[in-house]
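So the protein lines, in turn, are chains A and B.
Residue numbers for the first sequence follow numbering that gives the first Met the number 0, beginning at 0 and rising by one.
Residue numbers for the second sequence follow numbering that gives the first Met the number 0, beginning at 0 and rising by one.
Read the hints as simulated data drawn from the structure, not as lab findings.
Do not take every clue at face value.
If we take Cβ atoms under 7 Å as the criterion, some of the chain B residues that face chain A in the derived model are [stated by the list, open to error]:
1. T9
2. Q12
3. M101
4. F114
5. L116
Glycine residues also receive a C-beta, built at the ideal position from the N, C-alpha and C atoms.
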Amino acid sequence: MATAPEIVGNSTQITDKKKRYSAGVLKYRQMGYWDADYVPKETDTICLFRITPQEGVDPVEAAAAVAGESSTATWTVVWTDRLTACDSYRAKAFKVEPVPGTPGQYFAWVAYDLILFEEGSIANMTASLIGNVFSFKPLKAARLEDIRIPVAYVKTFKGPPTGLVVERERLDKFGRPLLGATTKPKLGLSGRNYGRVVYEGLKGGLDFMKDDENINSQPFMHWRDRFLYVMDAVNKASAATGEVKGSYLNITAATMEDMYERAEFAKDLGSIIVMVDLVIGWTAIQSMANWCRKNDMLMHMHRAGHGTYTRQKNHGVSFRVIAKWLRLAGCDHLHTGTAVGKLEGDPLTVQGYYNVCRDSYTKQDLPRGLFFDQDWADLKKVMPVASGGIHAGQMHQLLDLFGDDVILQFGGGTIGHPAGIQAGAVANRVALEAMVKARNEGVDIANEGPDILQKAAQFCTPLKQALDTWGDISFNYTSTDTSDYAVTPTASN
Amino acid sequence: MMTNPTGRLTQGQFSFLPDLTDAEITLQIEYGLKKGYAWAVEYTDDPHPRNTYWEMFGMPMFDLSDAAGVMMELKSCRSTFPQHYIRLVAFDSTRGVETIVMSFIVNRPAVEPGFGLVRQETNGRTMRYTIRGYEAERAEGERYRR
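With the rest of the complex left out, here is chain B (with noise of 0.2 Å):
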């Protein structure tokens, strides 16, 4: 269990709300699609804070207007992957921008564990930081299952 204020991963943009019901949820992705972004499905076991590419459901969802489609690849994924991390991540293609917009958790393990840190004395008083996820343990696709 994690110690912070909220006992869960707090990564992406509502974290610290209750969980977001699919009504909530269908709400953010059409103010996504009203400014022309592209919805994508991204899930993973491995929440590392530094593990940039979580793995892709599909492609980014380029040419969708509705986003019933986007719920629809949503809740394949939570039954695919219902032990997982799953967040929504939207894509803005205007020049100058060019990158993520709009990331929110969608789906959870039951329990998260979280992170413990390793340090590692050096020269002095430095220190070197580890932050090592007490699942990642365990090889892929076999964690989170208590």
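Chain A with its partners taken away, still in its complex shape (with noise of 0.2 Å):
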């Protein structure tokens, strides 16, 4: 591994001002933009970059300039900057590391003051933070890793409309994750032939049914012929089981204008929920979430986009921190991934997202990517949704990975049963129930899953069917986005 460059000591910040603000251009760490001896405010923002400098490039000078970049900085020295309590504004680097096993890249600590972000505005500090820095010409590369919103600025959103405790009450659902799945094939079915598809999910035994991402108003189908046909399968269905049942309408549309219309539609039909796509962007989803938040509305976020800047480990956005942007901004819903299904996601990495959508207080925790404490300050809670490639077969693990608060959407996995979409249904609810039932009476489902499965089955001729089609399915490919940390020996070991 290569050498760490001289990366601590003391600040090199100019401190005489008259050579500090003479016109010309100073290196970011002469500005004031790196401060090795800075320790954090509670009331900061801290985030950690991974930087790739270019060839020649100090790792510390381009800490400060990402600090730089993200706040104050511009390419030269500024005299106006003294017309101001510019050293409030300017964010500081305060600490710059090798990444474990990675030569040529750094994490870059970085503490942002509250006062450089509009409260309740995510759009205000994505601009900030992910803004101009990431097409910074001496960096190769940037990545958000992972950010610490301060109780101070977390106090400032309302956070999910309805979150995952008031999601169970209105459902009557408790003790068990909930069922869902995508209506499929994706595009191309009427209004009349999607809605049966949705009714014979909801008949067999899911929870919810869920409009895929794509799903707007296209020619096959126009927005309202699908809002009257699903809730005409979503009532029916619930009249047959005395069940609580909804699909999630995707009111995604061109204009806000068109969500709006969209969604009051939903709420006249007496939809539980709308879902949008990630998408519509940030102040789109605060508004919806404000609207869905008036409208006792469930909000379903699919993260349709977020593959473009999550995945690649050394550009992008983590979606750990799209996800604690996501719960402040509010939805009820949010895609974070199956670990074992057909999308990417290495298994602890998975459990961080989960981690973040569901805790009070979520601790630092490096295998799973957390290398913050976050306390979320009493914000409602998301409810996380595993979604694409999963089956019955799994669901000892899935149970395992994702405990109680959990959707577990099976689309694929139901609509494809051989012997119908309610056989499909059935199958996995059984498998659920008869998983949760033997983790209560302390069985050990990691391992004796399928065992248990196999019992169930026999009661139950459409899961036998679902295990003999799917039972040996799995999709195990080599994880792209993993966590990288030492393991730092710490006194109990």
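Using the hints, build the complex out of the two chains.
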């Protein structure tokens, strides 16, 4: 491993005011964006960036540049700084360390004063933290790995419109993961055919059905048609089972006016939940969260698009940061990965995202990619959603990894069942209930899970068919986004 | 007779499994007690999906540590209301949870006729839906007696 460069030591800030503010170009570390002795305040936001400086760029100078470009700096000295309490506005890089086992990359810790961000605005915070700095030439790449948001700033957000506790009370469903499925095929079904899939899935035993992220209002199905048929299916299934049921109606559209119109119609029809895609953007998300709060509506968030900036380790924003911002901005459900399904996700890293959604207080946990303690200050909790390439045969793994507060979504694993959609739903519900019951009885489900499923399959033919069809399917690929950390021996070791 | 795949009301944690035996119910109660939950017994003859408040068969058992105590209450409730729905409910008072965390049905009427869906056509193609329990037509206490 490359020798660590000289990255500790005293601040190199120029303290002589005349020299500091004479016209010209200074190094960022000379301008006050690097302070190795800085002790972050309780009210500071702290960001951990992974940076890859260009050849020959000193990592400390690179870290100082990140602090500068994400707060007040411009490329040259400006005298107008002296009209302000400029030191407050300068973010401060205060620690740089080589990324373990990854030559050329460094972790840089940067602190931001509370005054830098408008209260209750993720758009404002992100414009600073992931704005210009990510295109800055002296860096080959940069990634925002994690963020500590101070309680003082957390309290300026309303968070999830409903939260997972109240969601369960409204649904009257406790003590087990919720079950869902995405209506398939994603595209091409008419409203009438679409509602059929919803009805069969819900009557068979699922709690929720779901529009896919790219179902909006295309030529094959106008959104009003979809809403009308889906709500008929939801209510019919609710009567057939005696349970509260729902189907996430995707209100994602071209403009806010269109989204409000669709949300109002969903409300008129008695839907308990609407859905938006992450691609609508932070401002639209916070607006829809407000609407949901006013209208007793759950808000489902599909993280469409996140893979473009969360997956590669060297550049972008980690999903754990996106999850933190989404909990503040306000959504009730959030797709957070399956670990065992078809989509990217190292199990520990994925558990880290779940913790961010559900914790009252998130503890630093390096193997799970969590670099900071995060006090959520009683902010409501987000229900994580595991969706994508999972099936009943993995029920023990899913329950063991994620616990009760999660929505398990088996799309293909319900609709692709050889005996039909209702049978697919029955298989999933029986597998789930059998596994929860066994876990509560003290059975080691991680190891004995397959036996529990086989036993349940003896009284449930649909489960037997599901296990025969998919029992051995798994997606074992190496994860791209894993946590990089050095195991530090502690006193107790 | 309800037409869903189980042929019965599917509320609660375990409605898709064969009815839990008393020994199995005891194991679930013990799991909850170990986690510090308080158990309660509730019953109703109106299991409408949005009937939140079933009747309380006594108070939640906050200071109880032996599952046998909950089973005693359950048996007493069953003998008083043999044709009612009865559920066991566990409360968690942890800050930030403070809600029900387990709930499952432990007694049902012999016949479960279920619910009908009433559609009221309104503006355009918009529909107002009402879920109506077939037994709820009759007065409380006189339902599920065939």
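Hints, one by one, checked against the model:
1. Satisfaction of the interface hint for T9 of chain B is found here, the shortest Cβ-Cβ separation to chain A being roughly 5 Å, below the 7 Å cut-off.
2. The beta carbon of Q12 of chain B is positioned within 7 Å of a beta carbon in chain A (closest approach about 5 Å), and the interface hint is therefore held.
3. Nearest Cβ of chain A to the Cβ of M101 of chain B: about 4 Å, under the 7 Å cut. The hint holds.
4. Proximity of F114 of chain B to chain A holds as hinted, the smallest CB-CB distance being about 4 Å (cut-off 7 Å).
5. With a least beta-carbon distance of about 4 Å to chain A, the hint placing L116 of chain B at the interface is held under the 7 Å criterion.
Of the numbered hints listed earlier, not one is contradicted by the structure.
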